[in-house]
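Q: Protein chains in written order, with this note's numbering: chain D, 1 to 601; chain A, 602 to 942.
In short, the hints are calculated from the structure, not lab data. It is possible that some hints are incorrect.
As the list claims (entries may be wrong) - 20 Å max Cα-Cα, derived EDC-like pairs, lysine to aspartate or glutamate:
{"id": "1", "chain 1": "D", "residue 1": "Lys-394", "chain 2": "A", "residue 2": "Glu-826"}
{"id": "2", "chain 1": "D", "residue 1": "Lys-255", "chain 2": "A", "residue 2": "Glu-911"}
{"id": "3", "chain 1": "D", "residue 1": "Lys-255", "chain 2": "A", "residue 2": "Glu-940"}
{"id": "4", "chain 1": "D", "residue 1": "Lys-394", "chain 2": "A", "residue 2": "Asp-921"}
{"id": "5", "chain 1": "D", "residue 1": "Lys-203", "chain 2": "A", "residue 2": "Asp-933"}
{"id": "6", "chain 1": "D", "residue 1": "Lys-394", "chain 2": "A", "residue 2": "Glu-911"}
{"id": "7", "chain 1": "D", "residue 1": "Lys-406", "chain 2": "A", "residue 2": "Asp-921"}
To be verified - Quick look at which bits of chain A chain D covers, simulated, 3 or more residues with Cβ under 8 Å:
{"id": "8", "stretch": "668-674"}
{"id": "9", "stretch": "803-812"}
{"id": "10", "stretch": "879-887"}
Even glycine gets a Cβ: it sits at the ideal position worked out from N, Cα and C.
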Amino acid sequence: MSNLKVNELTFQAATVNGSGSQSANMVLTRAIFSMGIPVAPKNVFPSNIEGLPTWYQLRITPEGYMARKGDPDVLVALNPATWANDLKTVRPGGAVVHEEAYSTAEARDDVTYYPVPFSKLAKTRIQSDTLRKQLTNLIYVGVVAGLLGIPKDRLEHGVQRVFQTKPKAWQVNIDAVNVGYEYWEQNFKDKPCGFRLEPMTGKVDDLVLVEGNQAGALGALMGGVTVAAWYPITPSSSLCENLIAYTDRFRVDPKTGERLISVVQAEDELAALGMAIGAGWAGARAMTSTSGPGISLMAEFSGLAYYAEIPVVIWDIQRVGPSTGLPTRTMQGDVSFAYSLSHGDTRHIVLLPGNVEECYEFGRLAFDLADRFQTPVFVLSDLDLGMNLWMTRKFEYPQAAFDRGKVLTAERIEELKGDWGRYRDVDGDGIPWRTLPNTDHPLAGYFTRGSGHDENARYTESAETYARNVDRLARKLEGARPVLPQPVAEEPGSEVGIIAFGSSEAAVAEARVLLAETGLRTDYLRLRALPMSKAVTEFVARHERVYVVEQNRDGQVYDLIRLELSPDHVGRLRSIRNYDGQPLPAEAITRPLKELEAVPA
Amino acid sequence: MAATLNHIQLGRDAYKGAATTLCAGCGHNSITNHLIKALYELGVEPHRLAKMSGIGCSSKTPAYFVEQAHGFNGVHGRMPALTTGAQLADRRLIMLGVSGDGDTVSIGLGQFLHMVRRNVDCTYIVEDNGTYGLTKGQFSATADVGSVQKKGAVNTFQPIDPCAVALTLGCSFVARSFSGDGKQLVPLIKAAIAHRGMALLDVVSPCVTFNDHDGSTKSYSWVKEHDEEIHDVSFIPYFEEIAIDYEPGTTVSVEMHDGSHLLLKKLGAEYDPSDRRAAIQMVEESRGRGQLVTGLLYIDESMPDFATTERIPAERALRDLGEQDLRLSRADFDAFLDEFA
């Protein structure tokens, strides 16, 4: 066959959720990854337990691109409800594996069909009645392996990897894969498709596959979290569930059963943040994790923690809002809300991890920053980053000790002869010293309150004192700018710049290559924290046109950057927005960017 | 004359706080004084005390006692969450929550119930006056049906009784008292502090400005006329010997977790404070009779508190743990990451 594409295709499985297709998808993914081939998986799933359509997309490129690519080359169609539409999405020249019973009467003639009697094979070849539904999915893995040339030993590796902790499940799953493989051998061996997978080296050899919510949990663990309170919500739940799983292994004394952490499933998000703040006040490293609807509920407590200056870490795995929105779709829609969450003048530190490695790094760093600045630190991930698997190099073991910030001990209070005040700015950086409850000194105590307070934490409604206090808070947050994770920039020297943040990273990286191939070289700055570094405005100053790429309707970060720019630079900023709830593909950047480039400045 | 010192060598002054800003005659001020007496006599170390509160007149009061202690006046109805978190961070803290009826059974009902459910080790005092004082006299959800507001409006909704709700959920310590009855309230506060787990004290505390008139069931005169004490309460701390003689069959002695004793001397009918169903029945029956039962309604010293259930260390506070305790070793870290390969 001409135009054989090697290690370059997008695979898509269309199934019904609740049917157990996820294990099959993972076996396939792990098998391909173990061939040294880069993989970029995306789950598109409904807010539902069983019966609605779900898609699994696996993008394979020799370059290792990790952004979503719209339409599939190889489709496995196992959902009669979406069959007609799924078929339309396949790219010309593609391969379509489908349940034999589906009608191809009005089907396209620019794709190759591989009808498989999945139901019949399942009935006759899978003995276990209880596992039949799940194992049916493994049959497709065998068929696809045959079509694409995945060796049998890699499939076995995939099964063993996915069922790592259940060796008893290996054989029955391998048998089911083999049913599909044999069917391919008997029926399609002489009907090749235009795609083939071949073992590679050098691209993914040292990489691992990690979900952002796994990385975040590991980061929190290594950052010394000891109290985590949460309320279940998609797409955030798996972060605290991973934390529970990891701490079950690593924070429990096997002899005594003592745990060096408490992870509390709270009654709601208000209580979840309240518990974390109570723990942060009492000196623990405390966190919560939620998504948009939870962030809305946390506005009240966020204001308290900002104003009373209590360290706490808040993860927001963003999903599509407003309101319930699309609970299982991704978005970067909470940035401006989280940045100023609360009534009154409020500013929060916001970290914007752009990949799973940064989910780990920022998950750890967030506690240092919260303690150092005595304020809430938000970590804004999203569904795409949090719940999908991403290739990453292995994370680094932390070198630095915990930064617990300015905490006065009983000995220090004695040295100061008790002359200290909770909200005094003794160091000129706006960051006061605090004491923890249970500090054994008669002058250690103070009264924390969300109402007006003076430098000694006494209640006051004094106009001057209020203004002085909130001015200090503003100064404190200003001081965070150069300390927070600085932007990552690549500037080969173009007059066109791109600014992006968070999970857009993958699509931007690919878009820049595609643009360069058409002769348009771009510089790139990836924002990693708010309040933003001066490097952002300096980057804008160095470029004629700067495109801010983000996954929301209103250009939230575009607006935030404009507020920071000098008036003569505001016109340089242009906005590229994608907000359909799907992970950002490169063409959602290249297309509008090229269109806007045609518009004179 | 040298001040009398308690068993940790502190005088009563060490348990005082800032001057109250509440109205003269407010029941809450009496409760504050009873708290000072109880904490002083118990010899609570001020630095181990954490005074927690929400929003409202009641929630201001932690500023008025034990100035040396840390205090946290949080947001409306959310004291339970803050208290729960602080307890986990350092379970050696003596948590003392002060709340009101609006703070507890209206805006904070959910958190209150879940705190009971978890049996968080804390003393939770509801300073219960049936009204919103700071916002000038609206009904709260503990106001009885038929209770009349100062301006004449009549409450038509069923009250939520914090004790009845707590009993239903199996709260491990439930008591009711009256701000004007220090003889009963002081030993109950001591017992609540000695109790390991959630100790609810619903203290009827008249609002002299908005809810002390005829037609209110939270007024001084109404409570004095309708108070039914179920027993005479005394508390013997662990550091004192029981020197009281009592007739067999007249007094129930409850041994507390720390070795203290709560002595409940029978005043009328037999009452077993370890029988939760009987407690629920008594609360319901007295309400039906238009009476207010006070005393220790229920106690269960065997129920594990939240920090124990969570299996966090008893001797080392989570807040004190460092890198060595909390991070994976490098070898474990590397092996763990290999699992993702």
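Q: For every hint, state whether the structure bears it out.
A: Comparing the hints with the structure gives:
1. For the hint pairing Lys-394 of chain D with Glu-826 of chain A, the CA-to-CA distance comes to about 74 Å; that exceeds 20 Å, so the pair is violated.
2. Only pairs whose Cα atoms come within 20 Å are accepted, and Lys-255 of chain D paired with Glu-911 of chain A is accepted, the gap being roughly 16 Å.
3. Among the hinted pairs, Lys-255 of chain D with Glu-940 of chain A is inconsistent with the structure: their alpha-carbon atoms are about 25 Å apart, more than 20 Å.
4. The suggested pairing of Lys-394 of chain D with Asp-921 of chain A is violated, with an alpha-carbon distance near 30 Å, which exceeds 20 Å.
5. The straight-line distance between the Cα atoms of Lys-203 of chain D and Asp-933 of chain A is roughly 26 Å, outside the 20 Å bound, and the hint therefore fails.
6. In summary, the hint linking Lys-394 of chain D to Glu-911 of chain A is not supported, as the alpha carbons are separated by about 32 Å, beyond the 20 Å threshold.
7. As the CA atoms of Lys-406 of chain D and Asp-921 of chain A are separated by approximately 15 Å, the hinted pair is consistent with the 20 Å bound.
8. Coverage of the stretch 668-674 of chain A by chain D holds in this model, with 7 residues showing a Cβ closer than 8 Å to a Cβ of that chain against a need of three.
9. Remark: the stretch 803-812 of chain A is not confirmed as covered by chain D, as 0 of its residues place a Cβ nearer than 8 Å to a Cβ of that chain, below the required three.
10. For the stretch 879-887 of chain A, the proposed coverage by chain D is not satisfied: 0 residues have a C-beta within less than 8 Å of a C-beta in that chain, short of the threshold of three.
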